[in-house]
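Quick note, the sequences are listed as chains A and B, same order. Quick note on numbering: the first sequence equals residues 1 to 523 in UniProt numbering. Quick note on numbering: the second sequence equals residues 1 to 235 in UniProt numbering.
If you're looking for bench data, these hints aren't it; they were derived computationally from the structure. Among the hints, a few may not be true.
Capping the alpha-carbon separation at 30 Å, the derived lysine-lysine pairs in BS3-like fashion look like this [what the hints assert, rightly or not]:
no.	chain 1	residue 1	chain 2	residue 2
1	A	518	B	176
2	A	518	B	66
3	B	152	A	38
4	B	15	A	298
5	A	372	B	220
6	B	75	A	372
7	B	176	B	74
8	B	74	A	518
9	A	372	B	15
10	B	176	B	15
11	B	75	A	12
12	B	152	A	372
13	A	298	B	209
14	B	218	A	372
15	B	176	B	166
16	A	518	B	75
17	B	209	B	166
18	B	67	A	514
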Amino acid sequence: MKEWNMLIRLIKVQFPAVFDLPFLKKGKKKLLSNSISKVLLSAFTVFLLAVSFVYSYGIGKGLESIGRADMLIELAAGVASVAIFFTTVYKIRGIIFDFKDFDFLLSLPLKFTTVVTGRLLLLYLINLPAAVIIMIPAGISYSLITGWDIAALLINLAGMLLLPLFPVTLAAMAGVLIAFIASRFRSSKLINIIFIFTVLLIFMAVPYFGGMGTFESVSRIYPIAALYKRAVWGKKILSIVIYILISLGSFGIFAGVTGKRFIALNTALSKKTGSRKKKALKAQAGSPFLALYTKEVKRYFSSVNYVVNTGFGMVLLTVFSVASLFLPPDFLTKLLKVPNAAEVIKQFLPEFVAFSVAMTCISASSISLEGKNLWLMKSLPLSAGMIFRSKIAVNLVMTVPLVLIDSLLLDVGFGLDFMEFISIVAFGVSISFYTSISGLLFNLLLPKFDWSSEITVIKQSMAVLASIFTGFVAAMLRVAVKSILPAVTGFAALLIGTVLLAAITAILYLFLRKTGEKRFGAF
Amino acid sequence: MLQIINFSKSYEGKKAVDNLSLEVKSGDIYGFIGHNGAGKTTTLKAVSGILDFEEGDIIIDGVSIKKDALSCKKKMAYIPDNPDIYEHLTGMEFLKFIGDIYEVEKNERIPCIERFGNEFEMLSALSEPVGTYSHGMKQKLVLMSAFLHKPKLLLLDEPFMGLDPKAAHTLKNLMKEMCSEGSAIFFSTHVLEVAEKLCNKIAVIKGGKLIESGETEKVKGNQSLEDVFLELTRE
């Protein structure tokens with residue numbers, strides 16, 4: 001009982017450090033009052049629930065038309081679990097291991113199992129909103145299509161609460177394994193980054209290359225989704241028991257086993273790379289901007305979390321662009337089970353490139369990541385403008401060259417004409433500038449310096465969410481222009497979208513220079 | 001070199017520093033003493049340009065930090081009590097970073113790094129990442145980075161905290177050497193014996209207000225600095 005109370009207290013104390021919610025912070029100057037923040041958050045949640053409902057109802061109706069409405073819940077549970085796995089696997093380092101208050105926490109009279117359980121429960125709580133946002137609308141959609149079943153809806157609510165446990169445990173196991181293997185190598189961080197990208201890409205590719213790619217593949221790849229459906233909507237007692245046992249059991253076993261070896265695992269995973277080759281002192285000099293830029297690049301590549309969270313879009317784009325050179329159009333049709341798939345994909349290449357770039361929001365956490373080092377930036381003879389430009393430059397260098405190279409590859413792979421190629425490049429580059437500048441601006445408006453794990457600013461901060469969200473909206477500009485001006489061609493719509501985005505970016509940059517510098521000075 | 005004129009700073013309506021004025025001249029080693037929370041760090045941060053303030057002014061070598069913070073910062077170095085620095089850089093990379101920011105000439109860097117690296121016994125650690133350093137090593141590295149660009153004004157917040165006796169001795173010598181060459185040092189400390197022996201001037205702050213300042217000999221008279229401090233700060 002005592003350990004249980006300790007666990008609750010531990011979570012209560014650590015919760016505000018992990019969740020970037022302004023109203024959880026005490027005694028800080030806030031951009032928005034607590035009540036306004038709560039209203040905005042509630043409105044955003046309702047918006048997400050509404051979007052999720054539109055999607056699940058649409059998919060449900062589609063499934064109904066082919067006589068497979070029964071697949072909806074299974075599909076939703078599968079999608080939620082995969083999303084949770086994806087967003088958790090690279091959080092393990094930073095949340096379970098290698099977090100900042102590790103020494104303090106371990107000096108407290110607590111069992112290691114309690115500490116690990118507390119950290120795992122934090123991961124569970126981080127992922128619970130995803131389960132809620134996917135499963136509640138899915139349950140309602142399913143009821144609307146197949147008829148109301150109040151008992152099933154209630155079991156769905158309870159089942160939804162358990163849903164994140166297994167994917168979180170699975171991701172934790174994968175994350176620990178990857179980090180452990182990587183720690184055996186000299187360039188452990190690089191190996192860790194490569195492993196995580198590989199696991200994520202394999203995870204994405206398996207349904208297609210495994211000859212599946214259909215709705216049934218969900219239950220084949222992830223049987224828990226089918227079990228969830230049988231337990232919740234089938235109300236089969238045995239399935240309910242198995243579902244609970246798998247969810248709680250896997251979580252408990254992982255917490256127990258990891259707790260037993262916590263110190264040893266943490267020592268192995270978080271060991272600092274020392275004893276680099278002794279270098280002779282060399283006199284090298286560069287400009288202040290170059291020094292700042294180099295510092296930013298080193299900061300970026302020193303963090304597995306930072307690279308994996310912001311780099312996946314560009315990795316995906318590059319893998320896809322290279323693959324386009326080797327995959328013939330009829331293979332794509334077979335693989336995706338979509339008639340004339342290559343032509344369909346070709347139509348949406350600008351959006352695909354733009355989405356990939358919008359995910360690369362390196363600048364959106366770059367100010368927050370200064371954290372306790374902020375004093376140094378502020379005490380040095382550097383203008384805020386130069387600091388901003390160095391952070392923007394890193395984001396641009398990580399995206400613009402790849403946009404150019406990948407567009408060339410896509411040009412060859414899909415046989416694009418010159419205008420199509422130029423439009424992809426122009427839109428990709430303009431969204432790259434937009435993401436870099438807006439991300440920095442969002443971070444200046446919504447900073448978080450008192451983090452104990454960098455993942456909380458890289459992945460969960462309001463600035464990053466705002467940057468990704470508006471980036472995705474910007475990526476859909478052509479579609480928006482097309483819907484407002486149906487008479488214009490797709491190419492003209494993309495051109496208008498590009499110009500519009502460039503204009504918005506220029507305004508944001510001016511705003512950054514004017515207001516951002518003042519704000520930075522006031523931190 | 002440094003003039004603090006009627007400086008006040010409030011946090012949420014409460015005055016952390018209230019109407020503080022003092023002057024640090026070239027060649028001064030000026031000690032700043034007071035209880036925890038008396039306003040020492042707030043004052044040092046404002047002087048270094050880290051902290052915005054509304055009331056009063058701070059002049060560095062004739063230039064107001066409010067009007068031209070950049071040129072003021074070029075002339076000084078600030079070292080906080082807990083120097084959190086970039087853990088992903090090696091010690092050498094950090095020194096190169098600071099050298100580039102302050103535009104230290106290429107041919108001046110290596111002799112400086114070699115000299116201070118030897119004096120602080122840090123040369124062999126410079127190729128290691130800062131993340132592997134102890135608190136004291138980080139402190140030494142930040143001190144080296146400050147001496148690297150030869151500031152006219154050195155601001156130190158509790159500089160002896162975490163330093164081993166040898167490094168503390170080295171620091172005292174370097175401080176004296178700097179000031180003999182015309183620079184000025186303004187530093188906070190709780191180690192009154194060090195302040196008494198090292199500083200030619202002392203300021204005592206209590207509850208955000210300057211209660212005593214001037215030449216060390218005059219401030220302490222025939223008593224020890226500790227006795228004077230306890231007497232001045234008695235409730």
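To see whether the hints hold, each was checked on the structure:
1. A:518 - B:176: Roughly 38 Å separates the two Cα atoms, so the pair is violated.
2. A:518 - B:66: holds (13 Å)
3. B:152 - A:38: Given pair residue 152 (chain B), residue 38 (chain A) is violated - Cα atoms ~50 Å apart, limit 30 Å.
4. B:15 - A:298: violated (40 Å)
5. A:372 - B:220: violated (37 Å)
6. B:75 - A:372: holds (23 Å)
7. B:176 - B:74: holds (21 Å)
8. B:74 - A:518: holds (20 Å)
9. A:372 - B:15: OK: residue 372 (chain A) and residue 15 (chain B) at ~24 Å, within 30 Å.
10. B:176 - B:15: Outside the cut-off at roughly 34 Å; violated.
11. B:75 - A:12: violated (46 Å)
12. B:152 - A:372: The hint holds at about 26 Å.
13. A:298 - B:209: Not satisfied, since the Cα-Cα distance of roughly 43 Å exceeds 30 Å.
14. B:218 - A:372: Violated: residue 218 (chain B) and residue 372 (chain A) sit about 39 Å apart, past 30 Å.
15. B:176 - B:166: holds (16 Å)
16. A:518 - B:75: Holds, at roughly 22 Å.
17. B:209 - B:166: Outside the cut-off at roughly 35 Å; violated.
18. B:67 - A:514: Satisfied, since the Cα-Cα distance of roughly 17 Å is no more than 30 Å.
Hint check: violations occur at hints 1, 3, 4, 5, 10, 11, 13, 14 and 17; the rest are consistent with the structure.
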